[in-house]
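Student: Here the protein sequences line up with chains W and D, keeping their order.
Take 1 as the starting number for the first sequence in this note's numbering and just add one per residue.
Take 1 as the starting number for the second sequence in this note's numbering and just add one per residue.
No lab work stands behind these hints, which were simulated from the structure alone.
Some clues are possibly wrong.
[Unchecked claim] Calculated lysine-lysine pairs in the DSS-like style (CA-CA distance at most 25 Å, straight line):
id : chain 1 : residue 1 : chain 2 : residue 2
1  : D       : LYS136    : D       : LYS151
2  : W       : LYS18     : W       : LYS5
3  : W       : LYS5      : W       : LYS67
4  : D       : LYS228    : D       : LYS305
5  : D       : LYS85     : D       : LYS52
6  : W       : LYS208    : D       : LYS207
7  : D       : LYS52     : W       : LYS225
8  : W       : LYS57     : W       : LYS18
9  : D       : LYS207    : W       : LYS67
10 : W       : LYS225    : W       : LYS208
11 : W       : LYS84     : W       : LYS5
12 : D       : LYS85     : W       : LYS225
No experiment lies behind these values; they were computed from the predicted model shown.
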Amino acid sequence: MVTEKQAIAPGYCRLSFKAPHIAGTAYPGQFVMVYMNSGYRHLLPRPFSIFTRNRDKEEVSLLFAVKGQGTELMASAEVGSLWKISGPLGSGFPALPEGSLLVAGGIGLAPLAFLAASIEKPRTLIYGARTASQLICPPGVLDLPNLEVIEVTEDGTRGERGTAADLLLGLLPGPPALFACGPGPMLRAVKTLCLHSGTPAWFSVEEKMACGIGACLGCAVQTPKGYSRVCREGPVFSAEEVFNND
Amino acid sequence: MINPGLSVNLGGIELASPLLAASGPFGYGHEYLERIDCSALGGIIVKGISLKPWPGNPPPRLAETASGLLNAIGLQNPGLDHFVKEDLPLLARAEPRLIVNIVGCDIDEYAAVAAGLSGLEGIDGLEVNISCPNLKAGGIAFGTDPAETYKVVGAVRRQTNLPLLVKLSPNVTDITIIARAAEAAGADGLSLINTLSGMLIDIETRKPLLGNIFGGLSGPAVLPVALKMVWQAAEAVKIPLLGMGGITTAEDALQFIMAGARAVAVGTGFFYEPEVISQVKEGLENYLVKHEIKALGKLEGAARKGGIINGAC
Ligand SMILES: Cc1cc2nc3c(=O)[nH]c(=O)nc-3n(C[C@H](O)[C@H](O)[C@H](O)COP(=O)(O)OP(=O)(O)OC[C@H]3O[C@@H](n4cnc5c(N)ncnc54)[C@H](O)[C@@H]3O)c2cc1C
Ligand SMILES: Cc1cc2nc3c(=O)[nH]c(=O)nc-3n(C[C@H](O)[C@H](O)[C@H](O)COP(=O)(O)O)c2cc1C
Ligand code: FES
Chain W
1 MVTEKQAIAP GYCRLSFKAP HIAGTAYPGQ FVMVYMNSGY RHLLPRPFSI FTRNRDKEEV
61 SLLFAVKGQG TELMASAEVG SLWKISGPLG SGFPALPEGS LLVAGGIGLA PLAFLAASIE
121 KPRTLIYGAR TASQLICPPG VLDLPNLEVI EVTEDGTRGE RGTAADLLLG LLPGPPALFA
181 CGPGPMLRAV KTLCLHSGTP AWFSVEEKMA CGIGACLGCA VQTPKGYSRV CREGPVFSAE
241 EVFNND
Chain D
1 MINPGLSVNL GGIELASPLL AASGPFGYGH EYLERIDCSA LGGIIVKGIS LKPWPGNPPP
61 RLAETASGLL NAIGLQNPGL DHFVKEDLPL LARAEPRLIV NIVGCDIDEY AAVAAGLSGL
121 EGIDGLEVNI SCPNLKAGGI AFGTDPAETY KVVGAVRRQT NLPLLVKLSP NVTDITIIAR
181 AAEAAGADGL SLINTLSGML IDIETRKPLL GNIFGGLSGP AVLPVALKMV WQAAEAVKIP
241 LLGMGGITTA EDALQFIMAG ARAVAVGTGF FYEPEVISQV KEGLENYLVK HEIKALGKLE
301 GAARKGGIIN GAC
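Just need the whole structure built from these sequences, with the hints factored in.
Tutor: What follows is the structure in structure tokens.
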């Protein structure tokens, strides 16, 4: 059941769901499948990373960009309406060491906000986007103890000017580990910097999905060991495993 | 409990329920068996197995379209040895009957896989996917040519005494010719339909949506096409048919039975609703009760026999 809806900015929405099992067992980096309630029009459920979790209220929330018909339907969901969601699915992030660097590009913030909330020791989040209107984190979510947040926009309309990768140049090497989610080009750039500086890194990646549980082999990504399933072995992969071609 | 009226014999395979998991979407079974109630499932047809592992197609492998799904998985599979060692022991313990779908890039490969599976405990039947391109005949799919169909089914038949289903491709001008060729080569039953060939384009990148460019269409969008082909095949052959293509409800399943199918399989329906099989089973039982029919088999081909003649059967 949808318990809360936040229309954050044009084209972005946050939905909270009452989901005791998911809220009770999920860990950062895992995702859920949201079933569309449009009958046969949309056969496939849509995958979304868990953005926040509240164990006491048995709730999880999702932060999403309206991209197509499925996310449009979700953005028009009403509080109190029933939606079927399944999860938690996939293999999430490894435990976050103190002093880690988290790098979020745009809507890639979703899994990293949950990860940032998993410890209270010092850690740093670089939160980047093209322009200020794409930095859409709802107020309060990143007000976490000992979390340093550095905002960066390519056009300089908020925070530092440049890309997340530009900022990383000055911060690597140093952090014991790096965790990132965002557009492909950003992750490729981050991967190069991590490999050069010897920083262990993990990325949350996306692929089209159907079953979400590892049966259909639809969500394959190329890794050095052959194809891996984003929904089962992923969505979190080590930097060495992904983005090896082109 | 499954209503005893739902049990059927599909080409020598005794099924407690006429509902099967189609090859592919259900993988090798474990993932769904762990998560959903599979008690209404009569059988599982596992994803296609080749002799050596096949890597599969480059991503993206999936694209959604109106009431349908386009896929180009590329028959990725771990190969015969891995299947027999790792997957079969787990599956053999499961309640539903187990049918292994086999693929090959030439006739020898099909025959070798069939030979390797013969006599293994826990396997109740084979399903030959003849939609694969025949690499020794210019890459034309076996299932689009009656002579090639006859040869490949015959080669598999000689390697096994297991009940043998042949899975027909719908991408043909006349399904009855291929259906007859498979029957003549010794098939015990026919499965139809496999996916319909198609494609989609992303207008922003101006490129095909699938990594493989072409894919196979499944889901409710294909149901009327599949139903017609089952009807035609039923006229052409005497062996029983396993109908599939877009089934998500009992009403869908009943249409296939009435067109001439003995049993039905669900593929894409699992993505839409993982509990689809329990729901279809319940709907079938309700239909039997409502119309006072003792056995589902009484409805096989009912629509081809002129519909309801004197009320309840
Ligand atoms: C593990 C994972 C986590 C994700 N987490 C988030 C998140 O937290 N917030 C967010 O905004 N988005 C997230 N996405 C992307 C999100 O799933 C897609 O944006 C969404 O499915 C688009 O659906 P649509 O119907 O609006 O778009 P359409 O373009 O109309 O979708 C058509 C089809 O493509 C699929 N699809 C389209 N884009 C993607 C994509 N990038 N990844 C997977 N499937 C896609 C849809 O599921 C649907 O089947 C995640 C994707 C994955 C794989
Ligand atoms: C993701 C996916 C994978 C499939 N893989 C196979 C396969 O390996 N072998 C095969 O014979 N058919 C395969 N099929 C075809 C299905 O078994 C079935 O014939 C077809 O999808 C129509 O049924 P449906 O509409 O219920 O899915 C696959 C279908 C899908 C959607
Ligand atoms: S979505 Fe089916 S295997 Fe990943």
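Student: Confirm or reject each hint.
Tutor: Hints, one by one, checked against the model:
{"no.": "1", "hint": "D:LYS136 / D:LYS151", "result": "holds (13 Å)"}
{"no.": "2", "hint": "W:LYS18 / W:LYS5", "result": "holds (12 Å)"}
{"no.": "3", "hint": "W:LYS5 / W:LYS67", "result": "holds (18 Å)"}
{"no.": "4", "hint": "D:LYS228 / D:LYS305", "result": "holds (15 Å)"}
{"no.": "5", "hint": "D:LYS85 / D:LYS52", "result": "holds (14 Å)"}
{"no.": "6", "hint": "W:LYS208 / D:LYS207", "result": "holds (16 Å)"}
{"no.": "7", "hint": "D:LYS52 / W:LYS225", "result": "holds (16 Å)"}
{"no.": "8", "hint": "W:LYS57 / W:LYS18", "result": "holds (8 Å)"}
{"no.": "9", "hint": "D:LYS207 / W:LYS67", "result": "holds (18 Å)"}
{"no.": "10", "hint": "W:LYS225 / W:LYS208", "result": "holds (20 Å)"}
{"no.": "11", "hint": "W:LYS84 / W:LYS5", "result": "holds (16 Å)"}
{"no.": "12", "hint": "D:LYS85 / W:LYS225", "result": "holds (20 Å)"}
Consistency note: the structure conflicts with none of the earlier hints.
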